[in-house]
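Asker: Residue-level listing of the chains:
Protein chains: 2
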Amino acid sequence: MSATVTAAMVVIGDEILSGRTKDRNIGHLAEVMTAIGIDLKEVRVVADDRDDIAAAVNAVRARYTYVFTTGGIGPTHDDITADSIAHAFGVPCEYDAKAYAMLEAHYAQRGLEFTEARKRMARMPAGAEHIDNPVSMAPGFRIGNVHVMAGVPAIFQAMLDNVVPTLKTGAKLLSDMVHCPYGEGTIGDALTQIQKNHPDTIIGSYPKYMDGSFWTELVVRSRDPEKLAAAKADIVAMIAALDAAKP
Amino acid sequence: MSATVTAAMVVIGDEILSGRTKDRNIGHLAEVMTAIGIDLKEVRVVADDRDDIAAAVNAVRARYTYVFTTGGIGPTHDDITADSIAHAFGVPCEYDAKAYAMLEAHYAQRGLEFTEARKRMARMPAGAEHIDNPVSMAPGFRIGNVHVMAGVPAIFQAMLDNVVPTLKTGAKLLSDMVHCPYGEGTIGDALTQIQKNHPDTIIGSYPKYMDGSFWTELVVRSRDPEKLAAAKADIVAMIAALDAAKP
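These protein sequence lines are chains U and F, in that order.
For the first sequence, position 190 matches number 190 in the numbering used here, and the numbering has no gaps at all.
For the second sequence, position 139 matches number 1139 in the numbering used here, and the numbering has no gaps at all.
Any given hint could turn out to be false.
Straight-line distance between alpha carbons at most 20 Å, and here's what the computed SDA-like set of lysine to any residue pairs gives [stated by the list, open to error]:
| # | chain 1 | residue 1 | chain 2 | residue 2 |
| --- | --- | --- | --- | --- |
| 1 | U | 22 | F | 1020 |
| 2 | F | 1196 | U | 108 |
| 3 | U | 208 | F | 1153 |
| 4 | F | 1246 | U | 111 |
| 5 | F | 1119 | U | 186 |
| 6 | U | 208 | F | 1039 |
| 7 | U | 227 | U | 170 |
| 8 | U | 119 | F | 1098 |
| 9 | U | 208 | F | 1133 |
| 10 | F | 1022 | U | 176 |
| 11 | U | 246 | F | 1111 |
| 12 | F | 1098 | F | 1108 |
| 13 | U | 119 | F | 1111 |
| 14 | F | 1172 | F | 1036 |
| 15 | U | 208 | F | 1154 |
| 16 | F | 1208 | U | 132 |
| 17 | F | 1208 | U | 246 |
| 18 | F | 1208 | U | 172 |
| 19 | U | 208 | F | 1036 |
| 20 | U | 246 | F | 1112 |
| 21 | U | 22 | F | 1137 |
| 22 | U | 172 | F | 1020 |
| 23 | F | 1022 | U | 173 |
| 24 | U | 246 | F | 1196 |
Incomplete in silico selection of chain U near chain F, CB under 8 Å [as the list claims (entries may be wrong)]:
| # | residue |
| --- | --- |
| 25 | 30 |
| 26 | 36 |
| 27 | 37 |
| 28 | 74 |
| 29 | 129 |
| 30 | 130 |
| 31 | 132 |
| 32 | 133 |
| 33 | 134 |
| 34 | 152 |
| 35 | 189 |
| 36 | 207 |
| 37 | 226 |
Chain F stretches covered by chain U per the calculated footprint, using a threshold of three residues with CB under 8 Å from any CB of chain U [what the hints assert, rightly or not]:
| # | segment |
| --- | --- |
| 38 | 1071-1079 |
| 39 | 1106-1120 |
Think of the hints as simulated: they come from the structure by calculation, not from any bench.
Only a predicted model underlies this, so the values are computations on that prediction, with no experimental measurement involved.
Just so you know, even glycine gets a beta-carbon here, dropped at the ideal spot from N, CA and C.
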């Protein structure tokens, strides 16, 4: 098995914590990480507060291979992510010459004033590298193992597409799902035994409830396709035995 | 202004971090907290891992007035929240006599076996108090300032409805939204000045993007309705000035 590659995400924004905006980036990053064999281990949602952002980023960048942030890199006063990341790394936050020139040209071409607000989007921690933004030009950036991206989902997704090819990836965690028409109370004992019998798999049980009835989605994960198939076969047999026992 | 009441949330579950299940509880808790005047300050999503869960819960319970967890209290082997919370508090995790009797009667009434798996749902940290579950009976629990609830959204929401009346609440943070047809680059400088002129408000700027055009939702928050109205008036005037300046 190749070494495990891990990641954490820091979602930055008062609007998520107030409930005004529903985050759509956690699920997207989680799916992309799973698809390329990186284990997303932790997500933190923090407010637009420099110390909170820096503390969260410092906690996770020390612990995981990669960190991905979303939010707070726009032109307004509440966009403080660049400053907060610079603070976390103990480096100055400055106008990046390349980003400044690029944005200046971008707005000139459109006949728009290059306002102080727009200039803010050229600020980055010293030593950061750009993450291209094909949607609206203003770049994200990478410093150390931290990738700083936009919160607007369309822009976040486009930036992430540019980041993915630069990441080292692990052995992909394979996964297979079995629909189980029984609730967790019915299958729990048998499932515990199946998990014990298949220690190199991770068996997840996800209870579903609608209109008074329960069912379960059982997901088997493993980096080894044969071990995954063996555990899945035992789960299918468990469900068949329950079906056969029905009156 | 009454004292600020704060909260954090810990979302527990591999299925969220793998992207299989999209969380729907963060947004709901955020809305409810905002509605009752509690500031949700931080959310963490952690894996089904005892030490990760305990570390996250211990970090936030020391810092905020209330903690709310979702997930991992069902009957299967991967439901380890009760044990992890007991570990966090340094107390044993035991069968709760009241929960055990209640669940035993519940399953007897339905002619269902009270399996080892179902008995797991009666386990709680010593000293915990029930949070009633009107949907599927198995209770959540409160220990100290930590409220442990189900991950299935319908059950989480029902449990939270039972918790809300027990919480002390702060002065409600009022909020008002102004639709702004201009992007952040256009309004950023003026908005920075408005924020400076209204220090007792929090002005959030949320960029929106679709089909090549940008607009912004501007949200003013304050615990004082007059200060909120004054800041909002300046924002409306800013937009009117931009409209008037259009060719």
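Asker: Please list, smallest to largest, the hint numbers that this structure does not respect.
Answerer: 2, 6, 8, 13, 17, 18, 19, 21, 24, 26, 27, 29, 30, 31, 32, 33 and 37
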